[in-house]
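Colleague: Sequence:
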Amino acid sequence: MVEEEAKSLPMELSEKGGVENNGFVQNEAFDDKETNTSSQEEMPKTCIVDVDPAAMEGLALKPYAGMPKEVLLKFSSQARYRVTREILFWLIIAAAIVLVCATIAIIALSPKCLDWWQASPIYQIYPRSFKDSNMDGNGDLKGIQEKLDHITYLNIKTIWITSFYKSPLKDLGYGAEDFYDIDPMFGSMSDFENLLAAIHDRGLKVIMDLIPNHTSDKHRWFQLSRNRTGKYTDYYIWQDCTQAAGLVTPPNNWVSVFGNSSWQFDDVRKQCYFHQFGKDEPDLNFRSLAVQQEIHDIIKFWLGKGIDGFSFSALKFLLEATHLRDEPQVNKSQNPESITAYSQLYHDYTTTQVGMHDIIRSFRQTMKQFSSEPGRYRFMGSDGEDDIEATMMYYGTTFIQEADFPFNFNLINMKNLSGNSIFEAVNLWMKNMPAGKWPNWAVGSPNAARISSRIGKEYVNVMNMLLLTLPGTPVTYYGEEIGMENIVSENVSEEHINSDPVVTFPEKSPMQWDGEVNAGFTEGNSSWLPVNSDYQSVNVEIQMTWSNSTLNLYRELTLLRNSELPIHRGWMCYVWNDSNVFVYVRELDGLDRVFMMVLNFGQESTIDLKAIVPSLPSEAIIRLSTNFSNAGKAVNTKLIKTEMGEGLVLEYKTAKPVHTMEAFQGNCFVAEKACYSSAFNLLYVNC
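Each residue of the sequence shown is one higher than the one before, counting from 1 in the numbering used here.
Read the hints as simulated data drawn from the structure, not as lab findings. A few of these clues could be false.
[What the hints assert, rightly or not] Ranges between beta-carbon positions, derived for each pair:
no.	residue 1	residue 2	range
1	Met-414	Ala-197	39 to 45 Å
2	Ala-245	Ala-321	29 to 35 Å
3	Gln-365	Met-414	33 to 39 Å
4	Thr-340	Asp-201	49 to 55 Å
5	Thr-545	Ser-372	43 to 49 Å
6	Glu-523	Ser-110	50 to 56 Å
7	Ala-321	Lys-641	54 to 60 Å
8	Lys-415	Ala-321	29 to 35 Å
9	Leu-148	Ala-94	48 to 54 Å
10	Gly-355	Leu-148	36 to 42 Å
11	Ala-94	Ala-198	48 to 54 Å
12	Ile-612	Lys-633	17 to 23 Å
13	Gly-304	Ala-198	17 to 23 Å
14	Ser-338	Thr-545	54 to 60 Å
For clarity, every value in this text was computed on a predicted model and none was experimentally measured. All C-beta atoms, glycine included, are put in the ideal place defined by N, C-alpha and C.
Let's have the full structure, built from the sequences with the hints guiding it.
Modeller: In structure tokens form, the structure reads like this:
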């Protein structure tokens, strides 16, 4: 009976207008059958529930999950929910405003990040002497690519490759025959593109030389100019001159850098052309806008290829006075007919003429067109002049930029070596450099004797220590990281220098990679210049295994420079200099860690630094030394002893840095000022 009543219940509910729940019905046909059957059974017709309405009204409605919008709105209008919601809303708005303001403040207060040409040393390669890949005895672009791991091993990220344009290779190849092509000696344009890709794949940058002042006399422009062809007629500087009995009477007394008259008679055009350098390197006429445009097109071509910058050379020679007056003699009593040397004249009319800097600025403007992409700033370097004030003009002005920096060869051009002379060379640049500009330093170049040969091999390590701890960008000429020496000039035969038998290149001998035949430079039978006889003990491979080698010290110094903020971009203050030592500190506002360099460029010396800087702690730790066994030792700052050619990088902590002391105010410099916040571990500018 109970079962029958259960079966009849759904039907009775339906008859009374109730809603049937089929949610659990799996088979509707079966369910219908059941319903029809049960409809014949009797069941109660009504179901009465006794509910008190007053009791229902007294029940409090509470929020529940899944409530409909109408119920939700009833609760949201209540004060306790509305106030909480508004508080949360305004807290979120305030937090967003604070976050935006903090971001703006950090950006505004953060110092400018060092660009790639500031952050890394520059490694200068003379390509003919770096690595030969095809056994012809000449270094080439593929050879450079083979040795890129050496650059990264040195912790260097910028490579400077000297001229490799197609050229007769006179004057080191600086008289280009074609600015748009690679000399076959060094490879092909495809080789260059592969090298460029490999350099960028390693996160490195590359800059190359550009000498716009002149071309080779083999250049197509010159051949067209000497024949007075169209616009090329005035691409070079031509003047009438007389020729009689094989003797040429030049337009004036102007003398070439290499000596003798700077005018050369041309049998084709029957005029003299002007050359500041060799007679096979005619000067371009930069008063011609067409010539200027040609150089801009060359710049665009190579930047379009993907190079990261240029080093412009011989810029002071771009313009000459149009009046062609004789230049004044240094010795007024000298017979004018006997003047043949460049040093015998003041070059008032052939160098640094009005308008020259305008041309340089135009080069910068062209390079800026390729610098807009983030991370692809294009570097512009230049040579300088003998006069320091004239050199500083190559930085440009506050509003009009020229070079990022003119290359600084003060440390190469010193007449003698001492602590005082090093100080004078450094101070000369720093005190004349315009505010906010970036310094640079070089201790070797393709045009100067190597450190070992110029000042002695005992000073190689201390010179590298100086180079890599001064503020600014250091420039290392290939081989100086292992202490290579000049080759003996007498050993350079005409066979080795068949392209230019008049000139010898003792500082351009092949890079010494290992102790094998030809120092690993070439697998061929000979090299274009002889390898130095010391290659079995002075080479990369063997020095990598010596803990106290020049190579490993160089590498430790680059690591120190890259990792320590005070050396990377901090203050430099001179502390002491005498005939033997040069002492300076590198420090950063907000950082209590200071580095003090004690560098010996003379004889054995003992110095009481605490007497000079009273706030010095009584002891300092040797962070690096030219003698690796001393690293980590503590030294008494009242009694610091250095041997001839020894260098120490001391580390200590102080609450009173040197640059804040009144006694040293005139001895301190900073290029990119920054302060360190230990609380937030970041740099800011408003110290």
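Colleague: Run every hint past the structure and note whether it holds.
Modeller: Results of checking the hints against the structure:
1. Met-414 to Ala-197: 39 to 45 Å: holds, 40 Å
2. Ala-245 to Ala-321: 29 to 35 Å: holds, 30 Å
3. Gln-365 to Met-414: 33 to 39 Å: holds, 36 Å
4. Thr-340 to Asp-201: 49 to 55 Å: holds, 51 Å
5. Thr-545 to Ser-372: 43 to 49 Å: Holds, since Thr-545 and Ser-372 (Cβ atoms, about 46 Å apart) stay within the stated range.
6. Glu-523 to Ser-110: 50 to 56 Å: holds, 51 Å
7. Ala-321 to Lys-641: 54 to 60 Å: holds, 57 Å
8. Lys-415 to Ala-321: 29 to 35 Å: Holds, at about 32 Å.
9. Leu-148 to Ala-94: 48 to 54 Å: Taking Cβ atoms as reference, Leu-148 and Ala-94 lie about 53 Å apart, which means the hint holds.
10. Gly-355 to Leu-148: 36 to 42 Å: holds, 41 Å
11. Ala-94 to Ala-198: 48 to 54 Å: holds, 52 Å
12. Ile-612 to Lys-633: 17 to 23 Å: holds, 21 Å
13. Gly-304 to Ala-198: 17 to 23 Å: Hint holds: Cβ distance 19 Å, inside 17 to 23 Å.
14. Ser-338 to Thr-545: 54 to 60 Å: At 58 Å between Cβs, range holds.
The structure fails none of the hints (numbered hints given earlier).
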